[in-house]
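J.: Sequence:
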Amino acid sequence: MAAAAAAAEEEIAVKEPLDLIRLSLDERIYVKLRSDRELRGKLHAYDQHLNMILGDVEEIVTTVEIDDETYEEIVRCYYF
Numbered sequence: 032m033a034a035a036a037a038a039a040e041e042e043i044a045v046k047e048p049l050d051l052i053r054l055s056l057d058e059r060i061y062v063k064l065r066s067d068r069e070l071r072g073k074l075h076a077y078d079q080h081l082n083m084i085l086g087d088v089e090e091i092v093t094t095v096e097i098d099d100e101t102y103e104e105i106v107r108c109y110y111f
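In this text, residue positions in the sequence shown follow this note's numbering: the first is 32, and each later residue adds one.
Any given hint could be a false lead.
Taking CB as the label site, the calculated pair distances span [unchecked claim]:
no., residue 1, residue 2, range
1, Glu103, His80, 18 to 26 Å
2, Arg53, Val106, 32 to 40 Å
3, Pro48, Ile91, 19 to 27 Å
4, Glu104, Leu64, 19 to 27 Å
5, Asp67, Ala44, 31 to 39 Å
6, Asp57, Val95, 29 to 37 Å
7, Glu47, Ile91, 27 to 35 Å
8, Asp57, Glu103, 38 to 46 Å
9, Glu100, Leu49, 46 to 54 Å
10, Ile105, His80, 34 to 42 Å
11, Glu104, Met83, 28 to 36 Å
12, Glu100, Ser66, 23 to 31 Å
13, Glu100, Glu58, 17 to 25 Å
14, Glu100, Leu54, 48 to 56 Å
DSS-like, lysine-lysine: derived pairs with alpha carbons at most 30 Å apart [said to hold, decoys possible]:
no., residue 1, residue 2
15, Lys63, Lys73
16, Lys73, Lys46
17, Lys63, Lys46
Since the hints were made in silico from the structure, they are not lab data. Glycine included, each C-beta is placed from N, C-alpha and C at the ideal position.
Sequences are here, hints too, so could you generate the full structure?
T.: This is how it looks when you write it as structure tokens:
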């Protein structure tokens, strides 16, 4: 029984970076893009160049503005 559990654990082990992506198939993932954009969605497929096909995607755009009077940072997140 212990040998079967060890074999199953060895199959799940992440040995290369693409293994983690493979294990994330059909799971909700978070992708950070350039210019403070973020995506959250379900990973359906990917290729060796890390092009990804996501479903049920939510895009998040974060902006930071400085208040002219108080010089405080105002952080706004927009969900699309």
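J.: Give a verdict on every hint.
T.: Each hint, compared with the structure:
1. Look at Glu103 against His80: about 42 Å separates their beta carbons, and that is not inside 18 to 26 Å.
2. Separation of Arg53 from Val106 is about 35 Å and conforms to the stated range, judged on CB atoms against 32 to 40 Å.
3. Between Pro48 and Ile91 the Cβ separation comes to about 24 Å, which falls inside the hinted range of 19 to 27 Å.
4. The given range of 19 to 27 Å is respected by Glu104 and Leu64, whose C-beta atoms sit roughly 21 Å from each other.
5. Range check, Asp67 to Ala44: about 34 Å between beta-carbon atoms, so the 31 to 39 Å window is met.
6. Between Asp57 and Val95 the C-beta distance comes to about 34 Å, which sits within the given range of 29 to 37 Å.
7. Checked against the hint of 27 to 35 Å, the C-beta distance between Glu47 and Ile91 comes to roughly 29 Å, which is consistent with it.
8. The hinted range of 38 to 46 Å is satisfied by Asp57 and Glu103, whose Cβ atoms lie roughly 42 Å apart.
9. Between Glu100 and Leu49 the Cβ separation comes to about 50 Å, which falls inside the hinted range of 46 to 54 Å.
10. Against the hinted window of 34 to 42 Å, the Cβ-Cβ separation of Ile105 and His80 comes to about 37 Å, which satisfies the hint.
11. In this structure, Glu104 and Met83 meet the distance hint of 28 to 36 Å, their C-beta atoms being roughly 32 Å apart.
12. Checking the proposed 23 to 31 Å range against Glu100 and Ser66 shows it holds: the Cβ atoms sit about 27 Å from each other.
13. For the pair Glu100 and Glu58, the beta carbons lie near 45 Å from each other, so the given range of 17 to 25 Å is not met.
14. Our hint of 48 to 56 Å for Glu100 and Leu54 holds, since their Cβ atoms are close to 50 Å apart.
15. About 14 Å separates the Cα atoms of Lys63 and Lys73, which keeps this hinted pair within 30 Å; it holds.
16. Proposed proximity of Lys73 and Lys46 is supported: the alpha carbons are some 23 Å apart, at most 30 Å.
17. A threshold of 30 Å between alpha carbons decides the hint, and for Lys63 with Lys46 the separation of about 23 Å falls inside it, so the pair holds.
In terms of the numbered hints stated before, the structure departs from hints 1, 13, listed from lowest to highest.
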